[in-house]
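Q: Chain by chain, the residues run as shown.
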Amino acid sequence: MSENIFITDETIAGDDDGPLAGKTVAVKDNISTEGVRTTCGSKMLEEYVPPYDATVVSRLKDAGATIVGKTNMDEFGMGTTTETSFFGSTDNPAAPGHVPGGSSGGSAAAVAADEADLALGSDTGGSIRCPAAFCGVVGIKPTYGLVSRYGLVAYGNSLEQIGPFGSSVEEAASLLDVIAGPDERDATTREPPGGAENDTDGKSYASAADGDVDGLTIGVPTELLEGADEGVVETFWDAIEDLEAQGATYEEVSLPSVEHAVEAYYVIAMSEASSNLARFDGVRYGHAAGEKGENDNWNEAFSQARKEGFGDEVKRRILLGTYALSAGYHDKYYKKAQDARAWVKQDFDEALSEADVLASPTMPVPPFELGESLEDPLTMYLADANTVPVNLANLPAISVPAGETDGLPVGVQLVGPAFGEREIIRAGSALE
Amino acid sequence: MCDGGDWQMAVVQIPLRFTPVGSNRHSMTAQTVQQGDLVTVIGLEVHVQLETDTKIFCRCSTEQTDDPNENVCPVCLGLPGALPVLNEGAVEAAVKIGKAIDAEIPEETRFHRKNYYYPDLPKNFQITQYDEPICQEGELEISVEGERRDVRIERAHLEEDPGSLQHVGGSIDTADYTLVDYNRAGTPLMEIVTAPDFRSASEVRAFLAELEEVLEYLGVFDAGRDGSLRIDANLSIIEGEEADENGEIGIDALEAANRTEVKNISSHKGAEKALAYEETRQKNAIKRGRVVEQETRHWDESRGITVSMRSKEEEKDYRYFEEADLPPLRVSHWKDEISIPELPTARRERFRSEYDLNEEAASKLTSTKQVADFYETIADEFDPDLAATWVADNLLGELNYRDMEITDIEDRLEEVTRLVELVAEDEITAKNARETVLRDMLDDEQDPDSIVEEAGLGKTDDDEVQSAVVEAIEENPDAVEDYESGDDGAINFLVGQVMQKTGGSADPGDVNQLLRAELEK
Amino acid sequence: MSDDAVTPEDVRHVASLARVDLEDDEIEQFTGQFADILEYFETLDEVPAVDQDAELTNVMEPDEVRDSLDSESALENAPETEDGYFKGPNVS
Chain H
384 MSENIFITDE TIAGDDDGPL AGKTVAVKDN ISTEGVRTTC GSKMLEEYVP
434 PYDATVVSRL KDAGATIVGK TNMDEFGMGT TTETSFFGST DNPAAPGHVP
484 GGSSGGSAAA VAADEADLAL GSDTGGSIRC PAAFCGVVGI KPTYGLVSRY
534 GLVAYGNSLE QIGPFGSSVE EAASLLDVIA GPDERDATTR EPPGGAENDT
584 DGKSYASAAD GDVDGLTIGV PTELLEGADE GVVETFWDAI EDLEAQGATY
634 EEVSLPSVEH AVEAYYVIAM SEASSNLARF DGVRYGHAAG EKGENDNWNE
684 AFSQARKEGF GDEVKRRILL GTYALSAGYH DKYYKKAQDA RAWVKQDFDE
734 ALSEADVLAS PTMPVPPFEL GESLEDPLTM YLADANTVPV NLANLPAISV
784 PAGETDGLPV GVQLVGPAFG EREIIRAGSA LE
Chain Z
19 MCDGGDWQMA VVQIPLRFTP VGSNRHSMTA QTVQQGDLVT VIGLEVHVQL
69 ETDTKIFCRC STEQTDDPNE NVCPVCLGLP GALPVLNEGA VEAAVKIGKA
119 IDAEIPEETR FHRKNYYYPD LPKNFQITQY DEPICQEGEL EISVEGERRD
169 VRIERAHLEE DPGSLQHVGG SIDTADYTLV DYNRAGTPLM EIVTAPDFRS
219 ASEVRAFLAE LEEVLEYLGV FDAGRDGSLR IDANLSIIEG EEADENGEIG
269 IDALEAANRT EVKNISSHKG AEKALAYEET RQKNAIKRGR VVEQETRHWD
319 ESRGITVSMR SKEEEKDYRY FEEADLPPLR VSHWKDEISI PELPTARRER
369 FRSEYDLNEE AASKLTSTKQ VADFYETIAD EFDPDLAATW VADNLLGELN
419 YRDMEITDIE DRLEEVTRLV ELVAEDEITA KNARETVLRD MLDDEQDPDS
469 IVEEAGLGKT DDDEVQSAVV EAIEENPDAV EDYESGDDGA INFLVGQVMQ
519 KTGGSADPGD VNQLLRAELE K
Chain C
882 MSDDAVTPED VRHVASLARV DLEDDEIEQF TGQFADILEY FETLDEVPAV
932 DQDAELTNVM EPDEVRDSLD SESALENAPE TEDGYFKGPN VS
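Protein chains in written order, with our numbering: chain H, 384 to 815; chain Z, 19 to 539; chain C, 882 to 973.
Honestly, the hints are just simulated from the structure, not real lab data. None of these values were measured; they are calculated from a predicted model. Treat the hints with care, since some could be wrong.
Label-pair ranges, simulated between beta-carbon atoms [as the list claims (entries may be wrong)]:
1) H:Pro576 / Z:Ala274: 53 to 63 Å
2) Z:Glu355 / H:Glu815: 47 to 57 Å
3) H:Gly471 / Z:Glu355: 54 to 64 Å
4) H:Pro576 / Z:Glu122: 23 to 33 Å
5) H:Gly564 / C:Gln933: 18 to 28 Å
6) Z:Asp120 / H:Ser637: 47 to 57 Å
7) C:Glu957 / Z:Asp244: 41 to 51 Å
8) Z:Lys305 / H:Gly711: 38 to 48 Å
9) Z:Glu257 / C:Arg893: 47 to 57 Å
10) Z:Pro359 / H:Ser590: 33 to 43 Å
11) Z:Gly237 / C:Arg893: 28 to 38 Å
Beta carbons are placed, not taken as given, at the ideal position from N, Cα and C, and that holds for glycine.
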């Protein structure tokens, strides 16, 4: 395994039978597995072994899946390349020498390298869709509230969802079938609201992968093509033509609010992260301060443990989030970001009242070379321009491989209405 | 900003006296504030543990255990990945409190995170409520020295209790290290914030006593539980000349005055002592021309003083923001759906009019809901006066003597009822019932009928007494002769003889009468 | 940044609020980066105020006890424990 896909290689057997019997699943290392360490790609949790399973892990076991390991990731999910991991970077099996994307880079790479049939990742601002696009596999970010977050180590808790990777849309959807559904331990989960559009008739997500896009209306938000790499844009339009050829129509739509989505996303995610990651102080679990002076009091010990346990990007986001929430700045940053979020939701609702799904390149660029991009954080943040609006709007999205540019994988993102997973699965399967 | 208890939260006018609410209340004679007068102003933040079976955000038991870290789970330990799920019972309790203090339950209320680092806080933030608390603008009527008034309650909100710390090898600032137990972490708390409406420590005590009573009536609070009530008080002294012509002190004067926050108060008695001490301390400082520091002080119960926490405290910046893991609440309609029992003040009033009780008895008989309920059962079955004597004087007196509460004999109230029945039906004397039967019941856990039978306390019937009288006269001719020759004291000897024959069960007064009647024949 | 540029003092302040000890060179590096990032965030000024209703309300569980962790598992990840307690430095 030269790619450094797994942080921990450990097989966890599931039940003898079930819909995923005989399938192997790689699990991102921020999803709690009882008795198997869960590091979040951080030195802070290098030795942390959860005493409980995340709800999705229990559901995997019940479905008969075999978990084959815990995958590498950007530290606490904070990154777009998997290079911020304390356990080193992961090579991209589909484009060696390049990053696999992030933050769920190990999970996407596991499927691309055939180390696992399926994988679970988490997506706070694109962390499933970006690596799916970069590694040439399928990844689904579910509607906020469809999949339980219980046991997912929080980064931006109002934004993130656990979701599946697969080598085909149907495979990924079959994993979604197993993990979706309300959980009494996550108060933000719910049954998909009723209505004809979301009428499930007990049909599985996997069965929606029927490739039938005849009559489908696709909206293309012009803002999400601006500034994208030329080769990526070309590959994207080829994919749209392909769908047109199968009976779909497309129209350009406008989402003026997305101009502010990246700022809003980072302010909200960093603010939440500053609070979510406060619990790591070395008392109950996690890295404790190495050198303790005689006069050390609690504050000094905490600060020391966090200095030693967190990497640069995590510190950067915790400090910026603390700043954005602090007295005198809360209204200017955090509150305005909430306004922007509400605005983005409105825009998407309007666009999705005209079109069945929205389409864009998943990432505006092809995969970076390993080591290319660590220096300038702001440039990296801007690479998330197409994925973060979907998290702000709580909507479902899928990234499906659409071809290559200069030999590097390109993904197309399809966004659906809330709980409209079947729509995007159907449209996505038509691209295969 | 609304960091609970800050004066900013106070309404614009801070009355120097309580504002009477409603026309039928007594109003205090307006105090004329003189130049040079020093006026004490106190506001409270009261933390009350709600009596639920499980914690507020997980379903761990709230029961107190012998060992540390027994009732903990991923949620209340703040393990990575755990999520809070709100306890419906805690919300119901909060709505009951809101109803009892006549507070507004807003259309929508939600939870926020209060971010600060402290080792008793498993997540290093506390889930609490900020600008949309579940109870807003209520009031509680209290009675101080016969005057009844309303104390304004600005807000009451739900939050989670932190864990508990033990400082090993010294006090809080000299300890070598700290041990942490998270059993308490996540116990539901209601923080009740009053307006700065108190003008003395005794008013504070009266308020807290009333509040405890109300909460116990609601069944949401267990006063007997260690640490179930914790009080922080803000106290400042305002110079009389700051008052306006109506004797009222404006918010500006209040904000301008330095105040101390007194922490670590855990009972209404402690509050009175702590605040009386702090009031004197500040007044003395002002009289000596010294400036009162704005600071946090710690009430040291054993030494009976407040101690400066040496304001090494960092600047407070709690970075409140919404807790996205908990969807908002829309429970204002619960106020109409959830019923609460008649509250102590109303019940006291009713006892006075319905049972013709005096204020002292009415107050004693409504001190807890169990006492009041028991009184009403007895009063309705027998006689209100007899019931008052038996419950307020005899039963509560004997319980108090034994350091017991009515709740300690909850399952024996039927036996007490039976005892009162024996008295009401004249089967035993009141004296025997009180001094022998009740005491034996409490000390030996026997039922009243067996005690009466074993001790032979049943009132003897009249025939038996009559024949004993006749016998005594026949057997003691000398005494009869003495009586007849004018020695009235001889009758006492005869009474003693009759009492002996009846085993003490006859009433000596009755015997005296019967003897005289027999001798006159 | 325009009127209120980020200073090393600001970085120290938030680092102390967030309990992250920083080296001097980290403070210098973060000061520069924060200036760029916060300037970018300031474009949020242009966003109009937008209201939204909660999608989900009143999610609660009945007040019924479920099993807790056994205290051994509760403590097993703690760097230091003593007699069933978590152990840490003093609080002064």
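Q: It remains to establish, for every hint, whether it holds in the given structure.
A: Status of the hints after comparison with the structure:
no. : hint                            : result
1   : H:Pro576 / Z:Ala274: 53 to 63 Å : 54 Å, holds
2   : Z:Glu355 / H:Glu815: 47 to 57 Å : 54 Å, holds
3   : H:Gly471 / Z:Glu355: 54 to 64 Å : 58 Å, holds
4   : H:Pro576 / Z:Glu122: 23 to 33 Å : 31 Å, holds
5   : H:Gly564 / C:Gln933: 18 to 28 Å : 25 Å, holds
6   : Z:Asp120 / H:Ser637: 47 to 57 Å : 52 Å, holds
7   : C:Glu957 / Z:Asp244: 41 to 51 Å : 29 Å, violated
8   : Z:Lys305 / H:Gly711: 38 to 48 Å : 39 Å, holds
9   : Z:Glu257 / C:Arg893: 47 to 57 Å : 41 Å, violated
10  : Z:Pro359 / H:Ser590: 33 to 43 Å : 56 Å, violated
11  : Z:Gly237 / C:Arg893: 28 to 38 Å : 51 Å, violated
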